[in-house]
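In order, the protein sequences belong to chains B and R. All the letters of the first sequence, read from the start, carry residue numbers 5 to 170 under the numbering used here. All the letters of the second sequence, read from the start, carry residue numbers 237 to 359 under the numbering used here.
Don't read these hints as lab results, they were simulated from the structure. A portion of the hints provided could be inaccurate.
Unchecked claim - A few chain R positions that, by computed beta-carbon distances, are all more than 12 angstroms from chain B:
id: 1; residue: L262
id: 2; residue: D276
id: 3; residue: I283
id: 4; residue: Y292
id: 5; residue: T299
id: 6; residue: Q302
id: 7; residue: V308
id: 8; residue: S346
To be verified - Computed footprint of chain R on chain B; a stretch qualifies when at least three of its residues, placed anywhere within it, have a C-beta under 8 angstroms from a C-beta of chain R:
id: 9; stretch: 64 to 75
id: 10; stretch: 161 to 168
The structure presented is a predicted model; accordingly, all values stated were derived computationally and were not measured. We put the CB at the ideal spot given by N, CA and C, even for glycine.
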Amino acid sequence: MELKKLTRNALLTAIALTIFMVEAQIPPLVPIPGVKLGLANIVTVFALFAYKKQDALMILLVRVFLGSVFSGQMMTLLYSLAGGLLCFGVTIFMEKILTEKQIWVAGVVGAVFHNIGQLLVAIVITSTPSIAVYLPVLLVSGILAGLFTGLCAQFLYGKLKHFGRF
Amino acid sequence: MKSTKFWIIVISAALVLSGISAAAVLSWRGSGEVACIYQDGVLLRKIHLDTVTAPYTFTVTWTDGQKNTVLVEPGRICVSHADCPDQICVRTGWLSDGLTPIVCLPNHLSIRIQSNTSDAAVQ
């Protein structure tokens with residue numbers, strides 16, 4: 005049983021890492037740093053709803069760490085970690101108050117808090133509080149991207165549950 | 237458990253609010269050009285080009301009395317007259333973006349345009 009869980013988490017981490025790396029190759033649509041799809045969050049949200057929160061946290065942390073190792077910028081680690089953990093904390097809370105048909109909400113709220121976390125780190129690192137003016141832009145992008153990834157996670161959850169695969 | 241309608245309303249409201257403020261931020265940011273006038277590397281003055289309503293001129297004087305007359309119009313800036321021998325600064329013409337600076341080597345003057353926004357990166 006333990007082995008099965010380990011294999012499953014490793015598989016989900018590999019999927020999340022692959023999505024993360026592929027997404028990093030897509031050129032940015034708008035010249036504002038921080039605007040991105042965040043597709044890897046699909047896996048985190050799914051794991052949090054389908055399994056225990058320790059599993060989801062493990063997948064998130066390993067993905068974030070390996071993601072910044074493979075992308076070659078350790079600075080990414082700080083941004084991803086802050087955004088990812090804040091997003092994760094909020095998603096844990098959302099998981100308690102949402103039904104299976106509302107998983108997309110967790111995607112939206114998680115993405116928004118991911119952006120907030122990254123913006124806070126950026127403010128601290130660059131010590132320029134004025135970049136907080138980008139918050140509305142990041143919120144719009146976060147809501148739209150989170151809606152997409154949240155719906156993905158919800159469909160994935162629904163399909164796999166339908167097939168009885170977890 | 238809140239109803240799905242509740243979440244749709246809350247998220248739509250957040251989207252509309254942030255959309256409006258994002259539009260405001262982006263349009264405000266678009267006209268944030270600042271012209272910086274340096275003499276011998278020292279910043280003499282900063283001019284927010286988008287707040288200029290009427291054209292005006294001012295004169296920058298170097299130590300031996302050499303003068304450059306700078307003409308400022310809404311959104312752009314140039315050196316209209318100079319008493320230097322090469323006149324390169326005058327021939328550079330209007331400056332409205334940050335690509336190339338106006339430089340007058342004999343009079344130690346340079347005019348550069350900087351965007352008013354922070355270039356700090358958010359990864």
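Now for the hints, and whether the structure bears them out:
{"no.": "1", "hint": "L262", "verdict": "violated, 7 angstroms"}
{"no.": "2", "hint": "D276", "verdict": "holds, 28 angstroms"}
{"no.": "3", "hint": "I283", "verdict": "holds, 20 angstroms"}
{"no.": "4", "hint": "Y292", "verdict": "holds, 29 angstroms"}
{"no.": "5", "hint": "T299", "verdict": "holds, 36 angstroms"}
{"no.": "6", "hint": "Q302", "verdict": "holds, 38 angstroms"}
{"no.": "7", "hint": "V308", "verdict": "holds, 25 angstroms"}
{"no.": "8", "hint": "S346", "verdict": "holds, 25 angstroms"}
{"no.": "9", "hint": "64 to 75", "verdict": "violated (count 0)"}
{"no.": "10", "hint": "161 to 168", "verdict": "violated (count 0)"}
Against the hints set out earlier in the document, violations occur for numbers 1, 9, 10.
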